[in-house]
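Enquirer: Quick note, the sequences are listed as chains A and B, same order. According to my numbering, the stretch in the first sequence is residues 374 to 698, in order. According to my numbering, the stretch in the second sequence is residues 132 to 434, in order.
Honestly, the hints are just simulated from the structure, not real lab data. A hint or two may mislead.
Unchecked claim - Under the rule of at most 25 Å between Cα atoms (straight-line distance), these lysine-lysine pairs were calculated in the PhoX-like manner:
id : chain 1 : residue 1 : chain 2 : residue 2
1  : B       : 149       : B       : 399
2  : B       : 227       : A       : 604
3  : A       : 443       : A       : 458
4  : B       : 172       : B       : 154
5  : B       : 175       : B       : 190
6  : A       : 693       : B       : 399
None of these values were measured; they are calculated from a predicted model.
Spelled out, the chains give:
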Amino acid sequence: MKAKFFVTGWFNVRQELSKERRKIIGWASFLLPILIWCTVSYVPFVWHPEVLVEKVGDVDYFQEGMRIDKAIYLEELANMKQQGKKAPQGEPANPIYLPAPHEVAKAFYNAFTTPPAQKDGLWMHQSLWQSIQVIFWGFVISSLIGVPLGVLCGTYSLFARLFEPFIEFFRYLPAPAFGALMVAILGIYDGPKIAIIVIGTFFQQVLVISNTTRKLDYSLIEAAMTLGTSKWKLLTNVVIPGILPSLYVDMRILLGWAWTYLIVAELIGTSSGITLYITQQARYQHFENVYAAIFIIGFIGLGTDLILAWLGRRMFRWDKPANKE
Amino acid sequence: MTNKNSIPNYLDQSVEVKARFEKLKNRDVILEVKNLTKVYKTNKGETTALKNVSFKTHKREFVCIIGPSGCGKSTLARVLAGLEGYSGGEVLLDGKPIEGPGRDRGMVFQGYTLFPWRTVKQNVMFGLEMNGMGVNQAGPEAELWLELVGLEKFANAYPHELSGGMKQRVAIARALVNQPRILLMDEPFGALDAQTRSKMQAHLLEIWRNIDITVVFITHDLDEAIFLADRILVLKAHPGEVMELIEVPVPRPRQLSQINSPEFLATKARLEALIHPHEEQESTEEPIQQRMIRFVNVADNVE
Ligand SMILES: Nc1ncnc2c1ncn2[C@@H]1O[C@H](COP(=O)(O)OP(=O)(O)OP(=O)(O)O)[C@@H](O)[C@H]1O
Ligand SMILES: [Mg+2]
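Using the sequences provided together with the hints, build the complete structure.
Expert: Structural data, given as structure tokens:
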């Protein structure tokens, strides 16, 4: 009985599930939210606080295709019946800002197949490409300074004492607050946007990486010292190789954070990229397009992360998995 | 306790053993510790880990350091390795004071401390690379030492794929490849099971016989100390002080069967008297207070 529990249990602490189960759970993690969304969208008695007017009847201010509050609709319906006039007809509906899954799916498809409505408008993938470039450069610039500085702070107390207090202070300043300043310095195009991403990422990056560096088992450093390793070589031959897998995981998480600064960053100066696309679509109340654009950011993020995770497993074969397989 | 009449005095040495010790003491002194004192300063106050510790070790000697928990054995090893500073006295290696860690003193830790990102072979190569040898040259050299510890088949395995005993053998090879003057070992076999442990002991003696190395071996296992050592440095706790430097009268080469020989038993009796002096004098340490509550049914007796 007990043995069976160990093999088949779903709740064993820090133990990996079987391959099939991992697959099932992986799908469920996406299917569950989609299922909830479908329920809310397609089951008429779940939520649906409004009514989509199909026939106006004799209500003078109703229009075909209009969404109206359910209470008002019912009131007018009762009114018309009482007065013996033609009653309006309508279907229960959700607010405009919650399109149904199939509408978003269609928008998704259209975004890549139909040219933009405005003459000088951009295709969705063009907008995306702009955004990806902003993220990329922001993250690269931040990492070029942040990673070495973080490792140095984690290795040498001198650097930690010198930089960390100020960085600790600076990281509480909200990055978007520097928007106007950055526009003044770097102009209105990609410069200030990249700068916001750098500001948003860099300070966290230094602190996270210095912390990771400090977690390296000190006895490894002692062992290296008894083998005649010089101070400089300790950094390059023990500290850096020792922290690489954790550093890699940190970078994946930090890249995710960089994406969260994207929307604010792109509103600075002249709006651009996926943000411009989203704000424009929202202005015309094409909320299905808005959702499609938001989701595609998610897909790109998840996709990169999966690829990076896979690469990480290949690169760091020596690193034991966190969970028992 | 064994019958006292059948056990000779541990100070009685056979002719061969006596001659061996004469020869040993005529060799150069490699390590000299004079009045070593080490005080740890912490927030809660000062702990004297070592007080006036003095001893000499000769070239190619095998010294064991033994003592109760907390007597400063690890502290002594770390001071010798240069990983820890000291508060007073002198520590001389070949007549020169020790300043910081160096390749002339190899160390094997209880916790293995292999570099997880390096394969077994790369771990052994580490010391050579750090001292300026190219990878092409270090590779074959490392293989030689891996062979010595019998792990040539695992050259390309990563440390997490090895058993405890294998890890410790890699650690030994890694320390030896640098050809240190002294090999410091801090309870290296403490985490191993009895069988692996005795295999490792025999193996270590074999290595020691074949290469020019002086071993300082820390343990709290009396049998292990007697089996391995030429001389045993016995420390007492609070503060850590030398009680006696015992010359082990058990002849070499050592075999497992000697564990019941009179010399072995005599030495063990002496060590026991030094370390657990419950019969001669009352212990300074408080006994562990036990107030047993019965957790099983009254009828459920196991004895
Ligand atoms: N880093 C430290 N800071 C403060 N006190 C320490 C430190 N390291 C050791 N001590 C103290 O020094 C004394 C000796 O410790 P040490 O680790 O050398 O003992 P040990 O003989 O190796 O014990 P064990 O057999 O349990 O390993 C102990 O009382 C311990 O509390
Ligand atoms: Mg110890």
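Enquirer: Hints first: check each against the structure and report whether it holds.
Expert: Tested hints:
About 19 Å separates the Cα atoms of residue 149 of chain B and residue 399 of chain B, which keeps this hinted pair within 25 Å; it holds. Distance hint between residue 227 of chain B and residue 604 of chain A is fulfilled; the C-alpha atoms sit about 22 Å from each other, no more than 25 Å. For the hint pairing residue 443 of chain A with residue 458 of chain A, the CA-to-CA distance comes to about 20 Å; that is within 25 Å, so the pair holds. Distance check on the hinted pair: residue 172 of chain B and residue 154 of chain B sit about 42 Å apart at the alpha-carbon level, beyond 25 Å; violated.
Of the pairs offered as hints, the one joining residue 175 of chain B and residue 190 of chain B is violated, with about 41 Å between alpha carbons and a cut-off of 25 Å exceeded. For the suggested pair residue 693 of chain A and residue 399 of chain B, the alpha carbons sit about 43 Å apart, so the restraint of at most 25 Å is broken.
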